[in-house]
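Those protein sequence lines, which keep their order, are chains A and B.
Residues in the first sequence are numbered consecutively from 74, following our numbering.
Residues in the second sequence are numbered consecutively from 130, following our numbering.
Derived by calculation from the structure, the hints in this document are not laboratory data.
Please read all numbers here as calculations on a predicted model, not as lab measurements.
Here a beta-carbon is modelled for each residue, glycine too, at the ideal position from N, C-alpha and C.
Treat the hints loosely; a few may be bogus.
[To be verified] Some chain B residues near chain A, calculated using beta-carbon distances under 7 Å: (1) Asn185; (2) Phe232; (3) Gln234.
[Claimed, not checked] If we take Cβ atoms under 7 Å as the criterion, some of the chain A residues that face chain B in the derived model are: (4) Thr180; (5) Arg181; (6) Ser183; (7) Val184.
[What the hints assert, rightly or not] Heads up, simulated SDA-like pairs for lysine to any residue below, C-alpha to C-alpha not over 25 Å straight-line: (8) Lys142/A with Gly227/B; (9) Lys122/A with Thr134/B; (10) Lys186/B with Arg169/A; (11) Lys186/B with Lys142/A; (12) Lys186/B with Pro103/A; (13) Lys142/A with Gly226/B; (14) Lys142/A with Met156/A; (15) Lys178/A with Glu211/B; (16) Lys186/B with Gly126/A; (17) Lys122/A with Pro190/B; (18) Lys178/A with Thr182/B; (19) Lys122/A with Glu229/B; (20) Lys178/A with Thr143/B.
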Amino acid sequence: AQSVTQLGSHVSVSEGALVLLRCNYSSSVPPYLFWYVQYPNQGLQLLLKYTTGATLVKGINGFEAEFKKSETSFHLTKPSAHMSDAAEYFCAVSDRRNTPLVFGKGTRLSVIA
Amino acid sequence: KAGVTQTPRYLIKTRGQQVTLSCSPISGHRSVSWYQQTPGQGLQFLFEYFSETQRNKGNFPGRFSGRQFSNSRSEMNVSTLELGDSALYLCASLNTGGGEAFFGQGTRLTVV
Chain A
74 AQSVTQLGSH VSVSEGALVL LRCNYSSSVP PYLFWYVQYP NQGLQLLLKY TTGATLVKGI
134 NGFEAEFKKS ETSFHLTKPS AHMSDAAEYF CAVSDRRNTP LVFGKGTRLS VIA
Chain B
130 KAGVTQTPRY LIKTRGQQVT LSCSPISGHR SVSWYQQTPG QGLQFLFEYF SETQRNKGNF
190 PGRFSGRQFS NSRSEMNVST LELGDSALYL CASLNTGGGE AFFGQGTRLT VV
């Protein structure tokens, strides 16, 4: 069975600082990996995904993530945080077998001016 | 392309009542999943429908049910509402080719 662990339920950074949100996954098969963002009282919006190929994936709003098979990680980064990045971020894994996406518990990102 | 549409956005119901939520997926997507989101439990998978058949089911009591119509629109129903059913209910339309799910805005259900 797949699982996702997001380290840190709350991360706080200064505006302009590096954003690093951690995600480790467990999957018995090569996974599909996703990052989603959720603003208050909204649905989840896809930031980026990894399926195959290049392990460094670029997404929307300047975010990127790197798939590291040896570390079973898919950490999300952004070089310079903006106030508008304050939201909840979810990492998700799929085993490509028509089974539901499995989500981590989420990391709330706060950006301090 | 229109996104995933969920109606209504907000609902207030009384304990013991039942409720029906609706979801229209992205055109051409045949898979619809439902999730319950609460502060304590996070995102929990309810069920998934594909071509009018329930393909996957989460660990929720039988009070939670769903269905999918031939046009891929889906409904979920919760009977005999409990206070603990208060949550944001999210519907997701699945791109079976790429594996990603596209979410609606959600329905905020409050049970009083």
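**Request:** Enumerate the violated hints, using their earlier numbering and listing them in ascending order.
**Result:** Numbers 4, 5, 6, 7, 11, 14, 16, 17, 18, 20, in rising order.
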